[in-house]
Structures are given as structure tokens and as C-alpha cells.
Amino acid sequence: MEQQSSYTETELIDGLKSHSNEAYRYLYMNYRCSLYNNILQVIPDTETANDVLQEVFITIWQNIDKYDATKGRLFTWMLKLTRNAAINKTRSKVYKSQQKNDDISNYVSVIEHNRNEQPAINQIGLRTQVHRLREDYKNVLELSYFEGFTQEEISKALNVPLGTVKTRLRNAIIELRKQFV
Amino acid sequence: MDINSYISSGIIELYVMGMCSPEEEKELELLRRQHPALHDAVLQYETELEANMQKNSTLPPADVDNRILQSLDALQTPVIDINKNKKNRQWLRPVAAASILLLAVSAFYNYTFLKKIKNQELALKSSPGTAATLPAADYIILNKPTITPVAMYGVGTHAICRCTMFWDKSTGKMYIIIHHLPKSSAAKDYQLWAEVDGKPVNVGIIKDEIRGRFIEMPNVPAGSIAFTVTLENAGGTTRPTVEETYLSGKI
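Protein chains in written order, with this note's numbering: chain A, 1 to 181; chain B, 1 to 251.
FYI, nobody ran anything at the bench for these hints, they're computed from the structure.
Check the hints yourself; a few may be wrong.
[Said to hold, decoys possible] Straight-line alpha carbon distances no greater than 30 Å define the calculated BS3-like cross-link-like pairs of lysine-lysine that follow: (1) B:Lys-207 to A:Lys-89; (2) A:Lys-93 to B:Lys-183; (3) A:Lys-17 to B:Lys-188; (4) B:Lys-144 to B:Lys-250; (5) A:Lys-138 to B:Lys-55; (6) A:Lys-96 to B:Lys-188; (7) B:Lys-26 to A:Lys-66; (8) A:Lys-96 to B:Lys-207; (9) B:Lys-144 to A:Lys-89; (10) A:Lys-156 to B:Lys-26; (11) A:Lys-80 to B:Lys-55; (12) A:Lys-89 to B:Lys-183; (13) B:Lys-26 to A:Lys-178.
Make the full structure from the sequences, and use the hints.
Below is the structure:
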């Protein structure tokens with residue numbers, strides 16, 4: 001790859017919003033590894049993960065006008081797009097039939113699955129950090145962050161009050177922050 | 001509200017990572033405008049999260065890099081909407097005529113000088129049908145001087161799709177490599193059409209298993225000037241469904 005010039009975050013955002021070819025190449029070269037790692041945390045199958053990575057960058061290109069810098073950093077926005085794309089992929093019929101997953105609405109099986117099988121990830125990443133937490137924290141973060149369930153859905157799945165789910169999620173994510181490198 | 005206990009409650013972390021309820025999100029967005037300390041704490045967490053994620057990274061395969069960079073480049077191609085601005089602007093006509101002339105000249109130069117280079121690049125670098133992975137016999141045909149590559153680009157929402165056709169002037173044979181085309185469902189098939197005398201002529205079904213391979217297409221009619229790929233009901237059809245055009249390219 002050719003040497004890329006350096007951008008400040010504001011310059012990069014301007015370049016992206018004006019759909020500059022160079023800005024997108026820079027964005028891709030700088031963020032592909034961390035976003036790819038994030039996809040692999042949800043989708044261990046590299047072929048599918050490769051497709052999701054492509055989808056993510058095309059979605060960024062197509063939706064850059066919707067990015068509002070006053071609401072957060074560019075990376076946070078891209079991370080949310082990436083997480084949504086990966087979760088949507090795991091919920092798609094094609095992916096489910098490939099993985100022979102249980103019905104995703106069967107929450108208990110999801111939890112059992114997570115308890116019995118470590119996700120097949122070779123990469124160190126957020127999921128590894130989540131798995132270092134105590135069991136009840138790990139479970140709520142798994143369901144919330146990696147499976148994309150709402151707090152209400154988790155409350156039903158775990159058969160615990162919504163208030164407990166909220167408290168547990170907040171405590172879990174504070175603990176997770178301590179794992180950051 | 002005690003803003004400090006709000007800040008340390010874990011809500012910021014959930015908000016940044018997209019795990020809040022819509023009500024919690026709204027509340028935080030309102031509060032951050034009133035409390036600079038909250039705003040700063042959000043930015044602080046975002047920065048920490050980004051640093052953490054950038055350290056946990058995995059390099060995608062090089063062919064994936066090429067594929068994605070190419071699809072991003074392809075999105076740059078401007079779309080000219082001829083129906084826009086059709087209002088009464090007579091004075092613009094000479095300007096428009098001059099622009100069209102310039103565009104035509106530029107297009108001609110692009111066509112002559114860039115097409116061959118670009119097409120070759122596309123054919124050689126794209127994955128999975130990269131030249132490096134092709135059997136030697138295919139590679140020999142691909143590199144014949146009489147081969148003219150015809151790049152086929154994704155249409156509309158299918159911008160990421162790519163394939164290249166190769167026309168061998170010396171033998172009249174036509175070949176195809178599918179670089180990227182989503183798998184069709186069991187009820188659907190991709191169908192290749194050639195344009196002859198302004199009319200579409202069926203060339204045949206593109207089977208899923210030919211992806212990434214260098215395949216001869218035997219039924220390409222003489223006098224073809226352009227090609228399209230449409231998604232049709234399984235088994236194909238006699239007329240292309242224009243709305244379902246995935247790829248198109250001109251010789």
C-alpha cells in the first residue's frame with residue numbers, strides 16, 4: 001500500500017463527507033484491523049466476516065451524512081455500525097442455516113450455548129475481556145452487546161426483574177472498562 | 001440530579017457502546033448539553049474504548065483489502081441525473097453543450113487510455129478469481145495479446161458486485177470471471193445477456209459454482225456490444241428483468 005498522508009479527526013470527517021477517495025482509503029487502512037477484530041468477535045467464520053467488513057465500509061460511505069460529530073467520535077459511530085452489521089448477519093436466515101443455530105428467540109438456549117461453548121475466537125478482543133468477568137456480568141453483556149437483545153428481552157430471558165438487569169449491566173460494563181488495555 | 005453519581009453509574013459506558021434503552025439515550029443526550037463534566041466523561045470513555053479496540057486488532061486478508069478498496073473506489077463514480085434541473089434555463093444551453101463536448105472528449109480519453117489498464121487490474125487483482133490462483137492454462141489465455149477485458153460493474157444498490165468478461169479477438173471466444181456476486185437463493189438464478197443491435201440476447205445462466213473461476217461462455221452471439229447480468233427466477237427467462245440488473249459492462 002502506498003504511504004498515506006495523516007489526517008486529524010476533523011480533516012478526516014470533512015474528507016469523508018465530501019466522499020474523497022483518499023479519505024476513504026485512509027479510513028480503511030487505519031480502522032480495518034480493529035473493526036475486523038470486532039466482527040470476528042461476533043462472527044468467527046472468516047468468509048462471512050470478510051463480507052461484513054465490506055458491508056460496513058460501504059455503509060459508512062453511504063451514510064456518512066448521518067454522522068453527527070457533536071454526538072460522538074467517528075470511531076464510536078463506526079463501531080456501532082459494525083456491531084449492528086455483525087449482529088444482523090448472525091440473525092439472517094442464511095447465516096443461521098449455515099451455523100445450524102437454534103431459534104434465536106429461544107433465549108435460554110442462547111445462554112446455555114454461551115455457557116457450554118466458548119466462542120471460537122482466536123483473536124484477543126472485547127469478548128475475551130467479557131469472558132474474564134464473573135458469570136452474571138458475562139451473561140448480561142453477552143446477551144446485550146454480542147447478541148443485541150434489549151434490556152426487556154434479557155429480563156425475560158433470565159427471568160429476573162428489569163431493574164436487576166439494568167443494575168447488572170451497569171456494574172458489568174464498569175468492570176469491563178477496567179479490563180481495557 | 002447528582003451529576004457525579006450519574007457519571008459513575010455505568011450509563012456512559014452503556015450509551016457509548018449502544019446498550020441503552022432509547023429513553024436512557026435521550027436523557028443522557030439532554031444532560032450532556034447541560035453538564036460539561038458529563039460531556040467530557042463521555043468523550044473520555046470514547047477515547048479509552050477506541051484505544052482498547054485499536055490495540056485489539058486483526059489484519060484482514062490482503063485480497064479482502066483489495067476487494068474493499070476497489071468497491072470504495074467504485075462508489076466514487078459520479079451519477080448524472082438527466083431529469084434533474086429540467087427547468088427553463090435556456091441560457092445554460094451553450095454551457096451545457098460545451099460541457100457535454102468536454103465530457104465526451106474526457107470520456108474518450110478515459111476510455112482509450114484507462115480502460116485497458118483498469119480492466120487488467122480488476123481482472124488480476126480482484127478476488128477470489130485472481131490470476132495467481134487460476135490454473136496455468138487459463139492464465140495463458142488471459143495473457144494473450146488478443147484478449148480484450150470487459151469490466152462489468154455493479155448497478156445501483158449492487159455497486160459492490162464485479163465480474164470481468166474477456167473477449168478473444170483471434171478466436172471469437174468469450175470468457176468470464178465472477179469476482180463478487182452474492183449467492184442467489186434456490187428460487188433464483190443469475191442470467192447473462194448480450195446486447196446485439198440494441199436488443200438483449202440470452203447467453204445463459206451463471207451457475208454459483210463458477211465463482212472465481214475462468215470460464216468460457218459458449219453462446220455469446222457475434223456482434224455483442226454490451227453485457228448485463230440480471231437476477232431471474234430459477235431456470236432463467238426469455239426477457240431480462242431490468243429492475244434486477246446486477247452487473248453491466250460494454251466492450
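Hint check:
Between Lys-207 (chain B) and Lys-89 (chain A) the alpha-carbon distance is near 24 Å, which keeps this suggested pair within the 30 Å criterion. The hinted pair formed by Lys-93 (chain A) and Lys-183 (chain B) meets the criterion: a straight-line CA distance of about 13 Å does not exceed 30 Å. For the hint linking Lys-17 (chain A) to Lys-188 (chain B), the alpha-carbon distance of about 37 Å lies beyond 30 Å, and the restraint is violated. Of the supplied pair hints, the one linking Lys-144 (chain B) and Lys-250 (chain B) holds, its CA atoms being roughly 20 Å apart against a limit of 30 Å.
Restraint check for Lys-138 (chain A) and Lys-55 (chain B): the C-alpha separation of about 21 Å stays at or below 30 Å, so the hint holds. A C-alpha spacing of about 20 Å is found between Lys-96 (chain A) and Lys-188 (chain B), which places the hinted pair at or below 30 Å, so the restraint holds. For the suggested pair Lys-26 (chain B) and Lys-66 (chain A), the alpha carbons sit about 17 Å apart, so the restraint of at most 30 Å is met. Under the criterion of a C-alpha separation no larger than 30 Å, the hint pairing Lys-96 (chain A) with Lys-207 (chain B) is consistent with the structure, at around 23 Å.
The suggested pairing of Lys-144 (chain B) with Lys-89 (chain A) is violated, with an alpha-carbon distance near 42 Å, which exceeds 30 Å. With a C-alpha separation of about 24 Å, the suggested pair Lys-156 (chain A) and Lys-26 (chain B) falls inside the 30 Å cut-off, and the hint holds. As the CA atoms of Lys-80 (chain A) and Lys-55 (chain B) are separated by approximately 18 Å, the hinted pair is consistent with the 30 Å bound. Restraint check for Lys-89 (chain A) and Lys-183 (chain B): the C-alpha separation of about 15 Å stays at or below 30 Å, so the hint holds.
Using a Cα cut-off of 30 Å, the hinted pair Lys-26 (chain B) and Lys-178 (chain A) holds, with the two alpha carbons roughly 26 Å apart.
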